[in-house]
Amino acid sequence: MSDPVTQDPVTQDPASRDLSIHDLVEDLARSLTPVRRLPGPGRRTLVWSGAVLTVGLLLVPMSDVSGLRARLGVPDLHWAALGAILTAIAAALAAFQSSVPGRSAAWSWLPLPPLVLWLGASGLGCLRGWLAPAANLAEPEEMRGCFVFLMGVSLPLSVLLVLMLRRACPLRPNLTAALGGLAAAAAAAALLVPFHPHDATATDLLVHLVAVLIVVGLNSLFGGRLLDRNAGPRGRPVTGSIRKAND
Amino acid sequence: MPVRSAALSGEAALSAAMQAAQVGDAAAYRALLRDCLPVISAMARAKGVQGAALDDVVQDTLLTLHRARATYDPARPFLPWLRAITQRRAIDALRRKGRRPQEVHEPLGYEARADDGPGPGDDLERRERAAILAAAVAHLPEGQREAIEHIALRELSLDETSTLTRRTKGALKVNFHRGLKALRVSLSSRKEDTDV
Numbered sequence: 063m064s065d066p067v068t069q070d071p072v073t074q075d076p077a078s079r080d081l082s083i084h085d086l087v088e089d090l091a092r093s094l095t096p097v098r099r100l101p102g103p104g105r106r107t108l109v110w111s112g113a114v115l116t117v118g119l120l121l122v123p124m125s126d127v128s129g130l131r132a133r134l135g136v137p138d139l140h141w142a143a144l145g146a147i148l149t150a151i152a153a154a155l156a157a158f159q160s161s162v163p164g165r166s167a168a169w170s171w172l173p174l175p176p177l178v179l180w181l182g183a184s185g186l187g188c189l190r191g192w193l194a195p196a197a198n199l200a201e202p203e204e205m206r207g208c209f210v211f212l213m214g215v216s217l218p219l220s221v222l223l224v225l226m227l228r229r230a231c232p233l234r235p236n237l238t239a240a241l242g243g244l245a246a247a248a249a250a251a252a253l254l255v256p257f258h259p260h261d262a263t264a265t266d267l268l269v270h271l272v273a274v275l276i277v278v279g280l281n282s283l284f285g286g287r288l289l290d291r292n293a294g295p296r297g298r299p300v301t302g303s304i305r306k307a308n309d
Numbered sequence: 081m082p083v084r085s086a087a088l089s090g091e092a093a094l095s096a097a098m099q100a101a102q103v104g105d106a107a108a109y110r111a112l113l114r115d116c117l118p119v120i121s122a123m124a125r126a127k128g129v130q131g132a133a134l135d136d137v138v139q140d141t142l143l144t145l146h147r148a149r150a151t152y153d154p155a156r157p158f159l160p161w162l163r164a165i166t167q168r169r170a171i172d173a174l175r176r177k178g179r180r181p182q183e184v185h186e187p188l189g190y191e192a193r194a195d196d197g198p199g200p201g202d203d204l205e206r207r208e209r210a211a212i213l214a215a216a217v218a219h220l221p222e223g224q225r226e227a228i229e230h231i232a233l234r235e236l237s238l239d240e241t242s243t244l245t246r247r248t249k250g251a252l253k254v255n256f257h258r259g260l261k262a263l264r265v266s267l268s269s270r271k272e273d274t275d276v
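Chain order of the listed sequences is A and B. Residues 63 to 309 (the working numbering) make up the first sequence, in order. Residues 81 to 276 (the working numbering) make up the second sequence, in order.
If we strip away everything but chain A, and leave its shape as in the complex, we get (with noise of 0.2 Å):
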């Protein structure tokens, strides 16, 4: 007998798609499984952020403590800093809550005024370079430096995240997978604050955004494909779809 699921309804006369949705149901009861409630979106941005954390405390042997003191006295530096840890923490909360059927799709803007603070702070740093000609400036080899590390940062932040979304339903999965690559990115580039030998530039900020919109690209491609669990090939129910929406 073929896979009910399968079945072609457009061939089927309506009493046997009656049917055919009717042993859907049954095999659905016959195979549900008791399931621990997902915490709340909010909940869970903050286990995000403890390990987000924990990656920077991790980090602080390595970092240059008493230059960061001195950089934070710069309002700017310290406005992209706080504006990128909020993107972050925003950004989690979005993607987890665009995660979660029937909640508002209004959560998907809230990372936006984080990120314009961050940005504009960020882009008012690049002023520097001809209000303070003398200031430190960054050399090549260091903007390659950074760039590794926001990649490399951004890389176990963004599969940590993408897991943990995995674990609810996100109808829209790419846009999950791009808040979640922005939260990531945004997360990596606060870690690298500490690390940071040099003010920002012009430069710098073009190599932090080209590295932000990878990051966000590559979750949206990847991530999303990763989170739409429930589509098969051509977005029909594929053989086996119980046994998969199971797992």
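Everything labelled a hint here was simulated from the structure, so no lab data went into it. Remember, it's a predicted structure, so these values are computed and weren't measured experimentally. Beta carbons are placed, not taken as given, at the ideal position from N, Cα and C, and that holds for glycine. Please note that the accuracy of each hint is not assured.
[Said to hold, decoys possible] Here are a few chain B residues that sit away from chain A, every Cβ distance over 12 Å (derived from the structure):
1. 96
2. 188
3. 205
4. 212
5. 213
6. 230
7. 239
8. 243
9. 246
10. 248
11. 253
12. 256
13. 263
14. 265
[To be verified] If you only want the chain B side, here are some residues facing chain A, beta carbon under 10 Å, derived:
15. 102
16. 110
17. 111
18. 145
19. 153
20. 164
Starting from the known structure of chain A, arrange chain B on it as the hints suggest.
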């Protein structure tokens, strides 16, 4: 209101059944899914899904509901949660349909397909409706008729109507609203008559 309380109790029952399903109560889950079938169909139809695609959407929604059952928070109502899943699956189905080539390789099916365009009697019906409306407007008192004809049917502004009819704007507004009310009464009573 009895309807509202029935809806609320339905919502509460669905929410309770989903909670039971989360702890593994298969009987409650089976009953919940069966109760959801017409709701999912109606929600998908409201999104514009028709015909055989409707069954696809119902199936997809059931599978997604099954996978997402851990995300349901009993502190929140059940139906918005279900609606979010159904609407997303309906949008997916509509997109798939949009991507699929529209060529037809079944001459019989093509010939027998009902036309989406207006039916043969539509024009007659429209004319009849216009005649009924014109008769109802003609029966209105003079002031109300003028206000309705100029403001609603000819879409003139209050100022233009005021200069045309030499009435104040306040009087026109009063006549317009009274006219609308009278039309509503006469047209709805007529509809009830024809329905019976």
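*Report the numbers of all earlier hints that the structure fails to satisfy, in ascending order.*
none
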